[in-house]
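With the hints as your guide, set chains B, C and D onto chain A.
Protein chains in written order, with the working numbering: chain A, 1 to 191; chain B, 1 to 191; chain C, 1 to 191; chain D, 1 to 191.
In short, the hints are calculated from the structure, not lab data.
Heads up, some of the hints might be wrong.
Identical chains share a label here; the pair holds if one copy fits it or two copies do between them.
Said to hold, decoys possible - Using 27 Å as the maximum straight-line C-alpha spacing, the simulated DSS-like pairs for lysine-lysine come out as follows:
1) K128 - K68
2) K2 - K128
3) K146 - K68
Given the structure is predicted, the values throughout are model-derived calculations rather than measurements.
Protein chains: 4
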Amino acid sequence: MKTNRIEAFSDGVIAVIITIMVLELKVPHEMTVAAAVAVLPSLLVYGLSFLVVAIMWVNHHHFLDTAKRADAPLLWSNNNLLFWMSLIPFVTAFMGQNCAAPFAVAAYGAVLALVSFAFLLLQIVLAKQDAEDGVRQIRYRRLNRKAAFSVALYAISAGLAFVSVYFSFAIFGLIPMLYFWPERELNETLS
Amino acid sequence: MKTNRIEAFSDGVIAVIITIMVLELKVPHEMTVAAAVAVLPSLLVYGLSFLVVAIMWVNHHHFLDTAKRADAPLLWSNNNLLFWMSLIPFVTAFMGQNCAAPFAVAAYGAVLALVSFAFLLLQIVLAKQDAEDGVRQIRYRRLNRKAAFSVALYAISAGLAFVSVYFSFAIFGLIPMLYFWPERELNETLS
Amino acid sequence: MKTNRIEAFSDGVIAVIITIMVLELKVPHEMTVAAAVAVLPSLLVYGLSFLVVAIMWVNHHHFLDTAKRADAPLLWSNNNLLFWMSLIPFVTAFMGQNCAAPFAVAAYGAVLALVSFAFLLLQIVLAKQDAEDGVRQIRYRRLNRKAAFSVALYAISAGLAFVSVYFSFAIFGLIPMLYFWPERELNETLS
Amino acid sequence: MKTNRIEAFSDGVIAVIITIMVLELKVPHEMTVAAAVAVLPSLLVYGLSFLVVAIMWVNHHHFLDTAKRADAPLLWSNNNLLFWMSLIPFVTAFMGQNCAAPFAVAAYGAVLALVSFAFLLLQIVLAKQDAEDGVRQIRYRRLNRKAAFSVALYAISAGLAFVSVYFSFAIFGLIPMLYFWPERELNETLS
Numbered sequence: 001m002k003t004n005r006i007e008a009f010s011d012g013v014i015a016v017i018i019t020i021m022v023l024e025l026k027v028p029h030e031m032t033v034a035a036a037v038a039v040l041p042s043l044l045v046y047g048l049s050f051l052v053v054a055i056m057w058v059n060h061h062h063f064l065d066t067a068k069r070a071d072a073p074l075l076w077s078n079n080n081l082l083f084w085m086s087l088i089p090f091v092t093a094f095m096g097q098n099c100a101a102p103f104a105v106a107a108y109g110a111v112l113a114l115v116s117f118a119f120l121l122l123q124i125v126l127a128k129q130d131a132e133d134g135v136r137q138i139r140y141r142r143l144n145r146k147a148a149f150s151v152a153l154y155a156i157s158a159g160l161a162f163v164s165v166y167f168s169f170a171i172f173g174l175i176p177m178l179y180f181w182p183e184r185e186l187n188e189t190l191s
Numbered sequence: 001m002k003t004n005r006i007e008a009f010s011d012g013v014i015a016v017i018i019t020i021m022v023l024e025l026k027v028p029h030e031m032t033v034a035a036a037v038a039v040l041p042s043l044l045v046y047g048l049s050f051l052v053v054a055i056m057w058v059n060h061h062h063f064l065d066t067a068k069r070a071d072a073p074l075l076w077s078n079n080n081l082l083f084w085m086s087l088i089p090f091v092t093a094f095m096g097q098n099c100a101a102p103f104a105v106a107a108y109g110a111v112l113a114l115v116s117f118a119f120l121l122l123q124i125v126l127a128k129q130d131a132e133d134g135v136r137q138i139r140y141r142r143l144n145r146k147a148a149f150s151v152a153l154y155a156i157s158a159g160l161a162f163v164s165v166y167f168s169f170a171i172f173g174l175i176p177m178l179y180f181w182p183e184r185e186l187n188e189t190l191s
Numbered sequence: 001m002k003t004n005r006i007e008a009f010s011d012g013v014i015a016v017i018i019t020i021m022v023l024e025l026k027v028p029h030e031m032t033v034a035a036a037v038a039v040l041p042s043l044l045v046y047g048l049s050f051l052v053v054a055i056m057w058v059n060h061h062h063f064l065d066t067a068k069r070a071d072a073p074l075l076w077s078n079n080n081l082l083f084w085m086s087l088i089p090f091v092t093a094f095m096g097q098n099c100a101a102p103f104a105v106a107a108y109g110a111v112l113a114l115v116s117f118a119f120l121l122l123q124i125v126l127a128k129q130d131a132e133d134g135v136r137q138i139r140y141r142r143l144n145r146k147a148a149f150s151v152a153l154y155a156i157s158a159g160l161a162f163v164s165v166y167f168s169f170a171i172f173g174l175i176p177m178l179y180f181w182p183e184r185e186l187n188e189t190l191s
Numbered sequence: 001m002k003t004n005r006i007e008a009f010s011d012g013v014i015a016v017i018i019t020i021m022v023l024e025l026k027v028p029h030e031m032t033v034a035a036a037v038a039v040l041p042s043l044l045v046y047g048l049s050f051l052v053v054a055i056m057w058v059n060h061h062h063f064l065d066t067a068k069r070a071d072a073p074l075l076w077s078n079n080n081l082l083f084w085m086s087l088i089p090f091v092t093a094f095m096g097q098n099c100a101a102p103f104a105v106a107a108y109g110a111v112l113a114l115v116s117f118a119f120l121l122l123q124i125v126l127a128k129q130d131a132e133d134g135v136r137q138i139r140y141r142r143l144n145r146k147a148a149f150s151v152a153l154y155a156i157s158a159g160l161a162f163v164s165v166y167f168s169f170a171i172f173g174l175i176p177m178l179y180f181w182p183e184r185e186l187n188e189t190l191s
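Excised from the complex, chain A in its bound form:
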């Protein structure tokens, strides 16, 4: 198997993940302002998850572009990542329908922490493929610190949901921004 097959399969899975989330938006049955407002939290959570998955797709491609071999560790750290990502539509629907419930917000944070952790594992596998390249190793260490930071933040957001869900929302809004801006730099760093 070549790495481009892993990319193509991952693209397919991520394209389905990012799109089927919209099926969880419940069409309002009454034509009142209250019914429209009731759909708003689901829509906002959907927008957030779309952004998060889109960022992951972009990063995933940057990382896989650097892959040297489609060996078993790469294949299975990638499948592991896709598994945790595939739970995003589930927690998106859960939090969208219960966005004031600490448990639902904590579940969303916990799944994103696990996805970030799966990303960290994938990066470690890719770094090992490049073990003899000293310059890259330094850069990978920085990327890994950043990924570990995301894992920690999402884990904290899951815990904070039981104090106040607004703390969690603040962290959910903050992390995409962290990833969004330095992307250009990431691009230059790795390609």
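Okay, now just chains B, C and D, sitting in the frame of chain A:
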């Protein structure tokens, strides 16, 4: 990342969007003429949305064929477009089940206005990549005027839904025709 | 646009169509033999539709392999075909849940007649691209006769459903066989 | 048709299969520990099915890499495999919601036995394409014995469900391990 990866991912997302809409068609449970007639509006709205998304897919490819670089502005104006397009199945189900309700019809028009606006943004990003090509710039300006015209028409259709939903339906039927015919010209213009 | 992009998009749409049909199978909630038997018609109809769509996918590829240009007639006769194919999951669910109801069986036959007709249109467009090749024209005429025969059979099956649904089932079972066997010949004929 | 088109279509179908399973996870509506625990079996079954399908995807690619011709036997043994795989989301939802019911557990085992049998048929077709290569034939015979072993184990698990579902679960957990470890060897054997 290369532009063909953006195309492949967009193709995947659009293929899922255009197909999952059919899941929102509710199978009638009674075998009466009334039950069959009740499904008709949903079917017609589904047909309209299929046509709209198919046109968008065709235009999307014409535009991305001209892309020079897969840089961050292109990547994110494209992800932005896919996000708004992904709401089409939602408003299709909403209007299909409530096609006499001004609010549902306005929501359909509003989402299509936002999709058209996202297309306009993508075209502006692509035009900037071609900034030194004078002939292309003139053509892009014409394409942008046309896109801005669509945004305006869809926005008007959303407002008119509260006067009479038939005005909105007339606009929904008109815009695909506008795009459909000059496609060959568009093709020659850009490729 | 190149013909391979049409193929890739069609592949994506057909892959989603053939797979989402399974979502319409309702999981039985009681663990009785009666509940298991109640799911059987849906399963059989799903199997039939899977076979029909798989045959269409195979034929679609054989046809598109002969395409010379991705012009507007090809693009839109293909989008037209994908639209009617996208209704197959809907009528599959409908007939699966009401397989003794003439109306549901007729709807299934009618949609497959329309899909076959869309295939005929696509073949006519492809034949025109090959207009100067005399040998191919003779072969296309034979293929078109066969497609027209399918359209007629499916249309008859829709009508016969109101006499007895078993006539319709016989036709639904017969047509895949007609297509299945001479496929090798088709392959040799066109490639 | 070339073998890479079969791969691309299979990738699309498998990507949809592996992802839509998550739609069957029912979002809990009450925020109690009991409701969260009630979702756990579905989640675990989903995780198991994701692992099973991911292994199948990996094996599928290893096998198709060795394909010589995209002839009718290959095409239809592959479509046959995809059909049985497409039932995995159905039995995953069924067993996930009724994981103590022997009938649901047996259905899961039976479908996986049929999928494994479809894999065996595909391998036999591929082995025939390589009929003159003596070394490969010996290896194929070993792979076929292994596939036949899976068929037998899954069939036994279906039967044992009526004695105790825990026997079945033990087999469901054992088989992925059998496939997981020797993958590297498989890779070397065939490529």
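Comparing the hints with the structure gives:
Proximity of K128 and K68 under a CA criterion of 27 Å is satisfied intra-copy only: 10 Å inside one chain copy versus 33 Å between copies. Taking identical chains as interchangeable, the C-alpha atoms of K2 and K128 lie at most 27 Å apart whether they share a chain (18 Å) or sit on different chains (25 Å). For a Cα distance limit of 27 Å, the shortest separation of K146 from K68 inside one copy, 22 Å, qualifies, whereas the shortest one across copies, 31 Å, does not.
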